[in-house]
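Kindly produce the complete structure, drawing on both the sequences and the hints.
2 protein chains.
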Amino acid sequence: MNKNSAALGIDCGGTNIKIALVRTDGKILDSVLEPIDFDCAPQVSVHSMAEKIQRFIHKNKAAGIASVGMGIAGEVDQSRGIVRFSPNLGWTDVPLKKFLSQKLNLKIFIENDANCAAWGAFCLDAGRNCDNLLCLTLGTGVGGGIVLNKKLYRGSTGSAGEIGHMTVQYDGRRCKCGNFGCLESLIGAWGLVKTAEEGMRSGRASNLKKLIQAGSKLTPQLLAEAARKKDPFCVKLWQTAGEQLGSALSNLVNIFNPDRIVLCGGVSKAGNLILRPALRSLKKRAFKTPVEKAEITVSKYDQQLGVAGAALLFLE
Amino acid sequence: MNKNSAALGIDCGGTNIKIALVRTDGKILDSVLEPIDFDCAPQVSVHSMAEKIQRFIHKNKAAGIASVGMGIAGEVDQSRGIVRFSPNLGWTDVPLKKFLSQKLNLKIFIENDANCAAWGAFCLDAGRNCDNLLCLTLGTGVGGGIVLNKKLYRGSTGSAGEIGHMTVQYDGRRCKCGNFGCLESLIGAWGLVKTAEEGMRSGRASNLKKLIQAGSKLTPQLLAEAARKKDPFCVKLWQTAGEQLGSALSNLVNIFNPDRIVLCGGVSKAGNLILRPALRSLKKRAFKTPVEKAEITVSKYDQQLGVAGAALLFLE
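Residue numbers (the numbering used here), protein chains in the order written: chain A, 1 to 316; chain B, 1 to 316.
Certain hints may be false.
Note: identical chains are not told apart, hence a pair may lie in one copy or across any two.
What the hints assert, rightly or not - Calculated pairs, BS3-like style, for lysine-lysine (alpha carbon to alpha carbon, straight line, at most 30 Å):
(1) Lys150 <-> Lys288
(2) Lys288 <-> Lys194
(3) Lys293 <-> Lys176
(4) Lys52 <-> Lys107
(5) Lys293 <-> Lys107
(6) Lys59 <-> Lys103
(7) Lys18 <-> Lys217
If you're looking for bench data, these hints aren't it; they were derived computationally from the structure.
See below:
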């Protein structure tokens, strides 16, 4: 496969799919975002997906696309191409590969979306130039993917990498997954919003309450803007989130001793508000040799990681 | 190497070394525990070690020993045979392999002791019959080792596997390593003793206080005995420790999706006092597919894991 070959990478979210034509060096040659209705039988959603993929392939037929890699939020059985469970899509045991194969005459591979992002980060951010890399996707939820010895690590049933559901406070807030004090429940977008709501209810976040009453929407972006304007509650909120993220990074550094940890997703856009306390906390907490080795960066390819990783993972 | 070949495995603790002649199937053919004085220059301690090892080799000269694997509590540079840092031995940057090679005409390999235990658990408890195994050594401290795809995972600088220094309560008790709320600071022997001391000081552990005043020594064994006699403070102490261990196991299951997690070391001897709440907590917290896959067991080979693992790791 030469540098100019290309494959299809698809990132399947809860309301739409992103389809991209990806060159072997990770460059996106063409891409499109297509809405998909998931409020119907899975087979119907997949039929609609397949049509949109076919249209994209037809438009790019000169590229000679031979394979499709698709990342899905949820638990995936990669070998059989089954989505075991995806809370976002409302799917349980959906034979996605089989459904898609009935429509598309291509090799199809299914993978967890954060695993695709990790592979994207390994290929693009690290240029494949390290052995051990972890990726955290800090979005509404917090996902994770693990590359060890230059290979995606999937674990014994393909479920590995759920870094967002690592407990950093064993008696903390209940997470959507049923666990308590997961990283996601504290610093995922929904966790941050929940912390802000608690602050408003208890009267500690009066400035924020005014903003909301004036019509602003409670999002991590709003919390970041307020912190940049020195609102004390929001400044503290990001400091605490950074401390919690740092403690999670420290766990990863002590356990995996990686070359690199790449952060991506919306919450990483809060930049130094969360990163500065996170790195301070990490340095304070982790063992010296591995923390000096581990490079922590925010991805330069954020929006591309999912599709690029999905395509490239299956060009291996 | 046939089944009847043998190698030397050595487990180097803070006050003595255990030397064992280990067959390739893990059977211990001969072993001895030798005191070592570590209150002197490292070179002097190593000289004393080498003499004791030589004596053991001489006694077993018929076995044709060709290699020595040694496990050390601390951070090890395996490739250069240097002990980077061992708080237990009071060593920093000690070229152990070089020192030993001057005395012993054998191939010498140095490894972290919990990594050796993990390899021992993989060979003996699992019979090498799984891909991904984690091992937790629950002693005074809490160590860890990681076997992935049937190989010991060492990370990018050989420091991987510090599972005991995973935070399970980011704002919790300060650990000896400098971090806060590490698993070790909560359920390592010293952490349990500290919890009991805090209980006595605050008047919540009056029965325990009486036992100590009557001359008993405050150890995990005493805490287990008291809990078995239904002392309410100690019952609660083990329940909480179990909950905390369960939360750590849940992190490992969600992140590594292993076939197996093997527990060993003194604290695991508290048995169901800690295991029952730990497994309950694990089942409540972890994702369904990986938790159903992961077998959690206490090692059947506890005392042998370190020496067997050290010997076998270097027969590979």
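Quick rundown of the hints versus the structure:
1. With identical chains, the CA atoms of Lys150 and Lys288 are at most 30 Å apart both within one copy (24 Å) and between copies (28 Å).
2. In this assembly of identical chains, the alpha carbons of Lys288 and Lys194 lie at most 30 Å apart only when taken from different copies (25 Å versus 34 Å within one copy).
3. When the C-alpha separation of Lys293 and Lys176 is checked against a cutoff of 30 Å, the pair qualifies only between copies, where the shortest distance is 22 Å, while the shortest distance within a copy is 34 Å.
4. For a Cα distance limit of 30 Å, the shortest separation of Lys52 from Lys107 inside one copy, 17 Å, qualifies, whereas the shortest one across copies, 62 Å, does not.
5. For the homomeric pair Lys293 and Lys107, the shortest alpha-carbon distance between copies (29 Å) is at most 30 Å, but the shortest distance inside one copy (39 Å) is not.
6. For the homomeric pair Lys59 and Lys103, the shortest alpha-carbon distance inside one copy (17 Å) is at most 30 Å, but the shortest distance between copies (73 Å) is not.
7. With identical chains, the CA atoms of Lys18 and Lys217 are at most 30 Å apart within one copy only, with a shortest distance of 26 Å there and 64 Å across copies.
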